[in-house]
Amino acid sequence: MNSISNLEYVDKIILSITKDIKKESIGEYQVGYEVNQADVHQLLSSLKLEGWKQLSYLSAIDWPEENKFEVVYVLFNWDKPIYVQIRAKINRDNPSMNSIISIFPGAKYYERETHEFFGIAFPGNPEYKKQLILEQWDDIPPLRKDFDPSAYSAKKFPSREYPDDFSVKDKDNQVLEKNAKRKKRVKKLRTGGKK
Amino acid sequence: MLSTKYTVREKLSKKEIDRKWWEVGDYFRRNSLWLLMYCTGCCAIELPPSMTSAYDMERLGMGPMATPRQADILLVSGYLSLKTLRRLIYTYEQMSEPRYVIALGSCPINGGIYHDSHAVINQLEQYIPVDTYVAGCMPNPESVLNGFVDLMEGIKNKKANGWKKYHKNNDWYKENQLHALGEVVIHDEFHQ
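The listed protein sequences derive, respectively, from chains A and B.
Heads up: the first sequence runs through residues 1 to 195, numbered per the working numbering.
Heads up: the second sequence runs through residues 1001 to 1192, numbered per the working numbering.
Honestly, the hints are just simulated from the structure, not real lab data.
The structure displayed is predicted, hence computed values, not measured ones.
Heads up, a few of these hints could be off.
DEER-style ranges, computed between Cβ atoms [unchecked claim]:
| # | chain 1 | residue 1 | chain 2 | residue 2 | range |
| --- | --- | --- | --- | --- | --- |
| 1 | A | D11 | B | V1184 | 29 to 35 Å |
| 2 | B | D1188 | A | S150 | 41 to 47 Å |
| 3 | A | Y9 | B | G1063 | 54 to 60 Å |
Keeping only pairs whose Cα atoms sit at most 30 Å apart, straight-line, the calculated DSS-like set for lysine-lysine is [claimed, not checked]:
| # | chain 1 | residue 1 | chain 2 | residue 2 |
| --- | --- | --- | --- | --- |
| 4 | A | K155 | B | K1015 |
| 5 | B | K1083 | A | K145 |
| 6 | B | K1083 | A | K156 |
| 7 | A | K156 | B | K1165 |
| 8 | B | K1174 | A | K155 |
| 9 | A | K171 | A | K181 |
| 10 | A | K80 | A | K156 |
| 11 | A | K108 | B | K1083 |
| 12 | A | K129 | B | K1083 |
| 13 | B | K1020 | A | K155 |
| 14 | B | K1020 | B | K1164 |
| 15 | B | K1164 | A | K130 |
| 16 | A | K156 | B | K1174 |
| 17 | A | K156 | B | K1164 |
| 18 | A | K68 | A | K89 |
| 19 | A | K155 | B | K1168 |
| 20 | A | K181 | A | K169 |
| 21 | A | K188 | A | K156 |
| 22 | A | K156 | B | K1020 |
| 23 | B | K1156 | B | K1020 |
| 24 | B | K1165 | A | K155 |
| 25 | A | K129 | B | K1020 |
| 26 | B | K1165 | A | K130 |
Interface residues of chain A toward chain B, partial, derived using beta-carbon atoms under 7 Å [to be verified]:
| # | residue |
| --- | --- |
| 27 | E135 |
| 28 | Q136 |
| 29 | S150 |
| 30 | K156 |
| 31 | F157 |
| 32 | S159 |
| 33 | P163 |
We put the CB at the ideal spot given by N, CA and C, even for glycine.
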């Protein structure tokens, strides 16, 4: 039967295309590869030919310290149950990644979503700029790390004002002590002072 | 001592007659309420036990309705994102009057656990009037039914008049809606 495991099989496919990778073992059924931006399309199409024909997810990660976005493609194979992550770092200023709708047509909506939440352009996808989830968004893309959701919420949605403040302001947490004392007294009363 | 002899009563004014007819109408209305459930929040999970044999809201004369124009109550179950708020305003304005709004959970009251989210509104009553709040995260079916009874009491005591407020302060509501949403009109693939 199979002389090599499924994970080794993935390795073989990837290494036949590029040696310039960083592998990350995530688990028994998952593996991640950090590759160059230029290799992504070739890798995805050869993985698709080998049976990884389901694009499970496409999204991005923001790395503001490195000034990079990392685009993540997650593929799944129904015969060899391995999730393969293909990740590529792209520039954070004017981010742009060529579309993969020629390989996975369903990526159309994922790319629209990623454009909405991270501001990454996907040339090749004719309608990546069309709004999908956020409607009439008026700020920087909300899943970037430099976006402050609570400031946006305070600006846009007034919070309720309460005339009385019922929050607990007991810093030394004397409530617990008081409760313990009360319980002790209750026990004492219940047993009539006997142990 | 009232005389048993027939006495001519004073003629009622139009306003008094209207009030009496409204009282009659409210009596029948509050015993036959139809809910439009806007179940996009997590509190919707409390509705199946409230509706079915466990708590059985039909014993209060309430039933589910599928369309906004035939429903009396708009039941908002939980948080509302900007996207759902747009659709909720569409739905609310389609409903025939008198219309009532019940908001479940703490999210429509003050934002709840989504108080600092960029996508979720904090107070529902800024955008449409709310007649009954049911607090809790999530409220259990007892409190949901209690909220229904509260609304029926409110209709009886003429406290549930959010739909009148919406007419009276329409400018204020519209201003708040525009502040949060930018534009209430929906632009998406299904509305074009």
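Consistency of the hints with the structure:
| no. | hint | verdict |
| --- | --- | --- |
| 1 | D11/A - V1184/B: 29 to 35 Å | 54 Å, violated |
| 2 | D1188/B - S150/A: 41 to 47 Å | 28 Å, violated |
| 3 | Y9/A - G1063/B: 54 to 60 Å | 58 Å, holds |
| 4 | K155/A - K1015/B | 45 Å, violated |
| 5 | K1083/B - K145/A | 23 Å, holds |
| 6 | K1083/B - K156/A | 14 Å, holds |
| 7 | K156/A - K1165/B | 23 Å, holds |
| 8 | K1174/B - K155/A | 18 Å, holds |
| 9 | K171/A - K181/A | 18 Å, holds |
| 10 | K80/A - K156/A | 48 Å, violated |
| 11 | K108/A - K1083/B | 21 Å, holds |
| 12 | K129/A - K1083/B | 18 Å, holds |
| 13 | K1020/B - K155/A | 46 Å, violated |
| 14 | K1020/B - K1164/B | 18 Å, holds |
| 15 | K1164/B - K130/A | 39 Å, violated |
| 16 | K156/A - K1174/B | 15 Å, holds |
| 17 | K156/A - K1164/B | 26 Å, holds |
| 18 | K68/A - K89/A | 6 Å, holds |
| 19 | K155/A - K1168/B | 26 Å, holds |
| 20 | K181/A - K169/A | 20 Å, holds |
| 21 | K188/A - K156/A | 55 Å, violated |
| 22 | K156/A - K1020/B | 44 Å, violated |
| 23 | K1156/B - K1020/B | 12 Å, holds |
| 24 | K1165/B - K155/A | 26 Å, holds |
| 25 | K129/A - K1020/B | 58 Å, violated |
| 26 | K1165/B - K130/A | 37 Å, violated |
| 27 | E135 | 6 Å, holds |
| 28 | Q136 | 4 Å, holds |
| 29 | S150 | 4 Å, holds |
| 30 | K156 | 6 Å, holds |
| 31 | F157 | 4 Å, holds |
| 32 | S159 | 5 Å, holds |
| 33 | P163 | 14 Å, violated |
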